[in-house]
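Participant: The lines below spell out each chain.
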Amino acid sequence: MFNRNKIKAASKEHAMYIAKIKRKKLFIRLTQISILILFIILWELAARFKIIDAFITSQPTRIVNTLVNLHEEGTLWMHISISIIETIVGFILGTALGTAIAIVLWWSDFIAKVADPYLVVLNSLPKVALGPIIIVWIGAGPFAIITMALLVSLIVTIITVLNGFLDVSPDKIKLLKTFGATKLQILKKVILPASIPTIIAALKINVGMSWVGVIVGEFLVSKAGLGHLIVYGGQVFKLDLVMTSVFILSIAAALMYQFTTWLEKKLIKWHN
Amino acid sequence: MNRKEVVSLKNVSLKYYSLEGETPAVNDISLSVKEGEFIGIVGPSGCGKTTILSLIAGLIKPTKGQVLVDGKLVEGPSTDVGYMLQQDHLFEWRTILQNVLLGLEIHGKVNQESRAKAERLLETYGLGEFKNHYPDQLSGGMRQRAALIRTLAVDPKMLLLDEPFSALDYQTRLAISDEVSTIIRKEGKTALLVTHDISEAISMSDKVIVLTKRPATIKSIHEIRLTCEKDNPISRRQAPEFREYFNTIWKELEVHVQ
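Read top to bottom, the protein sequences are chains P and L. Sequence positions in the first sequence follow the numbering used here and run 1 to 272. Sequence positions in the second sequence follow the numbering used here and run 1001 to 1258.
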């Protein structure tokens, strides 16, 4: 990575400046890693010396053992992949459908004004409350969970993306109008491309939102997935299992977030 | 010389409506612009200068009267009229060449010929090597030049310039207004420049129209005749008559600072 972004120093002073900036970056990264390592070591030691009760708090070595056991049982990847697939499908659907609805609302001022109070109410309603209804309607399975993830991210997406659309400079639209652009052309040539940063921002929010939907969905359906492991672990008082699942969850969520950051760089190449 | 009339406004009035009432913006304006003419419009701020341009561009319809471009009644925006806004509004996600091709794209006229023409324009006006750059990488003056080429690429008969230099600093502004005026004359375009800068109007135009306060009506029209060696804005600013025109128009604008 350092090789790819290698910056040529213009002078000796510049080289020193670059070195200083790099040292600072390295120091921040090292501190971040040290905190994590220190936390894990303290946790492990506290559990070993019975300062904390490992039965309730679990401990790093127990988490590793649980991981190994789950892996040997052959269920680890099944649970992880189910949750990840549900989340990905949920957040792609949420972003796509949300953007599509935002387009409709942008297109028709009438529909937007009519929909406004409904959106406001739906936005403040905790979507989790709809969980039981969804399960009854769709059935206790992955589809109910995906619907859950979709619902949690949908309204936020609609509102965020629509605001992005409405924020596009009126003069840019005027410019297109002077060229005689149709509404569809205005949408395609300026509204959508100008809103790509907003849509990516929505995508980033939706990664988190969809995980909430999926985990809550799995709590309720409780057949498979990380949410199921957490709820099951809690019920049978296997905190090792709960902690392990949370640990996997944070890694999966971080990776997905990284993916959206990567996507942002790919799509917004005009930012230097 | 009997030149063709490119734009003509016949007793045009326009009112804006809101729930609170109606605001007359333009009142009974008649004017005509002949082929190849460069006309400057000055007026107190908020007097409805931009409204006149929007009427000619077909963005709004007059409440009363007729707007004709090239002898035809204006029904909506057309390729006959090119509009240059206060800011360049280059799309930051498009390269300079892609930005220049925007108007052609909207008309579905991007082909080898039109693309070659756009590239030639960029080349001629010193942006050839920047055609694959993004707007962020260009200076303010270069961006405004690119915006002009974007307008010229659709080959309009008439150019409308809506305070196109007001976003630039003074130095760049002088240089760019000189360039733009030279480009417009070289391409043989007819132009209507709206500005609040009296010097800019005098230095660039053949004729300066002074408007009254809102609702705008025509107060006076000045034929600008300057004795100078070269006919570009910077030399024109040095002409002996320049100051006289400036003073006359300044007085007519009745700028009172209270």
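Treat each hint with caution, since some may be false.
Here are the computed lysine-lysine pairs in the DSBU-like style, where the Cα-Cα straight-line distance is at most 30 Å [said to hold, decoys possible]:
| hint | chain 1 | residue 1 | chain 2 | residue 2 |
| --- | --- | --- | --- | --- |
| 1 | L | LYS1186 | L | LYS1064 |
| 2 | L | LYS1131 | P | LYS265 |
| 3 | P | LYS188 | L | LYS1131 |
| 4 | P | LYS174 | L | LYS1109 |
| 5 | P | LYS266 | P | LYS172 |
Listed next, the stretches of chain P that the computed footprint assigns to chain L, with coverage defined by at least 3 CB atoms under 8 Å from CB atoms of chain L [to be verified]:
| hint | segment |
| --- | --- |
| 6 | 174-182 |
| 7 | 185-195 |
Here are the computed distance ranges between Cβ atoms for each label pair [stated by the list, open to error]:
| hint | chain 1 | residue 1 | chain 2 | residue 2 | range |
| --- | --- | --- | --- | --- | --- |
| 8 | L | GLU1187 | P | LEU125 | 39 to 45 Å |
| 9 | L | GLY1076 | P | ILE268 | 31 to 37 Å |
| 10 | L | LYS1015 | P | VAL104 | 29 to 35 Å |
| 11 | P | PRO117 | L | LYS1109 | 43 to 49 Å |
| 12 | P | LYS113 | L | ASP1169 | 40 to 46 Å |
| 13 | L | ALA1167 | P | ILE268 | 42 to 48 Å |
| 14 | L | SER1030 | P | VAL121 | 52 to 58 Å |
| 15 | L | ALA1167 | P | LYS24 | 33 to 39 Å |
| 16 | P | LEU125 | L | LYS1109 | 45 to 51 Å |
The hints are simulated quantities; they were obtained by calculation from the structure and are not laboratory data. C-beta atoms are modelled at their ideal positions from N, C-alpha and C, and glycine is treated no differently.
Participant: Confirm or reject each hint.
Facilitator: Checked hints:
With a CA separation close to 36 Å, the supplied pair LYS1186 (chain L) and LYS1064 (chain L) exceeds the 30 Å bound. Restraint check for LYS1131 (chain L) and LYS265 (chain P): the C-alpha separation of about 22 Å stays at or below 30 Å, so the hint holds. Taking the CA atoms of LYS188 (chain P) and LYS1131 (chain L), the gap is near 22 Å; set against the 30 Å cutoff, the hint holds. Taking the CA atoms of LYS174 (chain P) and LYS1109 (chain L), the gap is about 20 Å. The hint holds against a cut of 30 Å.
Using a Cα cut-off of 30 Å, the hinted pair LYS266 (chain P) and LYS172 (chain P) holds, with the two alpha carbons roughly 24 Å apart. For a cut-off of 8 Å, the count of residues in the segment 174-182 of chain P with a CB near a CB of chain L stands at 8, and the three-residue condition holds. Coverage of the segment 185-195 of chain P by chain L holds [criterion: at least 3 residues with CB-CB distance below 8 Å; count 5]. For GLU1187 (chain L) and LEU125 (chain P), the Cβ-Cβ distance of about 60 Å falls outside the hinted range of 39 to 45 Å, so the restraint is violated.
Checked against the hint of 31 to 37 Å, the C-beta distance between GLY1076 (chain L) and ILE268 (chain P) comes to roughly 34 Å, which is consistent with it. Between LYS1015 (chain L) and VAL104 (chain P) the beta carbons are some 33 Å apart, a value that agrees with the proposed interval 29 to 35 Å. Range check, PRO117 (chain P) to LYS1109 (chain L): Cβ separation about 45 Å, and the 43 to 49 Å hint holds. With their beta carbons about 42 Å apart, LYS113 (chain P) and ASP1169 (chain L) fall inside the hinted range of 40 to 46 Å.
Against the hinted window of 42 to 48 Å, the Cβ-Cβ separation of ALA1167 (chain L) and ILE268 (chain P) comes to about 24 Å, which falls outside the hint. Checking the proposed 52 to 58 Å range against SER1030 (chain L) and VAL121 (chain P) shows it holds: the Cβ atoms sit about 55 Å from each other. Between ALA1167 (chain L) and LYS24 (chain P) the beta carbon distance is about 37 Å. The supplied range of 33 to 39 Å therefore holds. Range check, LEU125 (chain P) to LYS1109 (chain L): about 50 Å between beta-carbon atoms, so the 45 to 51 Å window is met.
Comparing the model with each earlier hint shows violations of hints 1, 8, 13; every other hint is respected.
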